[in-house]
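Colleague: Keeping the supplied structure of chain L fixed, place chain S upon it in accordance with the hints.
For the protein sequence lines, the chains are L and S, in the order given. Read in order, the letters of the first sequence are residues 31 to 248 in our numbering. Read in order, the letters of the second sequence are residues -19 to 110 in our numbering.
None of these hints come from the bench; they were simulated from the model. In this text, a Cβ means the ideal position worked out from N, Cα and C, and glycines have one as well. Hints should not be assumed to be uniformly reliable.
[As the list claims (entries may be wrong)] To give an idea of the interface, some chain L residues facing chain S are shown, with a C-beta separation under 7 Å as derived from the structure: (1) ALA149; (2) THR241; (3) LEU243.
[Unchecked claim] Output of the computed footprint for chain L on chain S, the stretches with three or more beta carbons under 8 Å from beta carbons of chain L: (4) -13 to -4; (5) 2 to 15; (6) 21 to 29; (7) 45 to 58.
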Amino acid sequence: MSDIEDAQQTVREAMARPGDWLTGKQRRAVWREVRASSSNELDQQRRQALSPNAVNGAHAATAELSASAMEVVHRTASDPGRLTRAWADEHISELGEETYTELVGVTAIVSVLDRFDRAMGRPEQPLPQPTAGEPARVRPDDVGDIGAWVSQTTGPTKANVSRTLSLVPVTNQPWRQLVDTHYSHGAEFMNLRWKFPLSRPQAELVATRSTALNECFY
Amino acid sequence: MSGEANGLTVDLKAAIERDHIGDVGVPAGAELLAFTNAVELDHDDIDATRTALADVIGRQATLEAAAIIAIFNGLVRVADGTGIQLDQGVFTASIEERDLLGINEFAGAANSTNVVAVNAQPMAVHDLFG
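Next comes chain L alone, as it looks inside the complex (with noise of 0.2 Å):
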């Protein structure tokens, strides 16, 4: 097994785990929407539709998830190019910033895992089992205003997007296992003639068609 592979199973158990404010069975909660959000059909017309907006229509709560925590896990699974300020600032209100962060980072993370296995020819693996207990629910001490829709670290770091999930450390360090696995490698990153099987032109043309079909401006 790759690396690669090893940090996949790493962090696939770590998503039904108890994370930050999320139980382990809301986070598994989560990524079972993700699957959802491919054939929903609310999710799938406001994806069509010139504005988002355009469609009326809300998803339910769930047993685990509020209608608000539902309604941020499938635009960002489904839609996340067209997300606005005034969207996120609706739901951080309901939600409280925290919980908003974690639910957009398992969102994030289950979506690297599925579609991998997608990429790969693999079937879709049964959703872990959730893990009892209760989230650590802290919020870091280094974190505030620096831009973004929600607070991150003001320490040092190099780039906005190392800050991203920064908000809730127990969802990011598997985050940033999967990003340094799976593309940044370490101090290699550094490297533009990495001597990795697919060489750094490679992956960057990769990931620019990717972030190009996502239509993401960072």
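Modeller: Relative to chain L, chain S alone:
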């Protein structure tokens, strides 16, 4: 930038043009773009494009390509979902490129109309992950 460092002339406009599947100046570029599009757009030729890519660059490099497609599905979601701004150094250094490539038309551009300088400023992609 990585293209220049490796002695390549990369057609960046073709690289981000969603329907372009062909040579962009990177070895195996056409196969990489076909595979990326198939996975991102959920086409029914994922297996065929992956096999074609592996025939050219090998199994491990193909697995690494799949990993990059996958991680960028996460990166776009954390970036757009948390509303991060483009880093000031990149914002300033990429004005012409963003205009030329149509990137300013993306909805997320609204987050970066008034960028805030925080700590060390990355100037290029290889500065992004500290």
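Colleague: How does the coverage statement for the stretch 45 to 58 of chain S fare against chain L, requiring three or more residues with Cβ below 8 Å from a Cβ of that chain?
Modeller: It holds, with 14 qualifying residues against the three required.
Colleague: Are at least 3 residues of the stretch -13 to -4 of chain S within less than 8 Å of chain L when you compare beta carbons?
Modeller: It holds: at least three residues are needed, and the stretch -13 to -4 of chain S offers 5 whose Cβ sits within less than 8 Å of chain L.
Colleague: When the nearest CB of chain S is found for L/LEU243, is that gap smaller than 7 Å?
Modeller: With a closest approach of 4 Å, the L/LEU243 hint holds.
Colleague: Could you check if L/ALA149 really has its C-beta closer than 7 Å to a C-beta on chain S?
Modeller: Where the cut-off is 7 Å and the nearest Cβ of chain S is about 4 Å from L/ALA149, the hint holds.
Colleague: Would you say the stretch 21 to 29 of chain S counts as covered by chain L, given the rule of at least 3 residues with C-beta under 8 Å?
Modeller: Since 4 is at least three, the answer is holds.
Colleague: Under the criterion of a CB-CB separation shorter than 7 Å, is L/THR241 in contact with chain S as hinted?
Modeller: 6 Å, holds
Colleague: Check, residue by residue, whether the stretch 2 to 15 of chain S contains three or more positions whose beta-carbon lies closer than 8 Å to a beta-carbon of chain L, and give the verdict.
Modeller: Coverage by chain L holds for the stretch 2 to 15 of chain S (8 residues, Cβ < 8 Å).
The structure meets every hint from the earlier list without exception.
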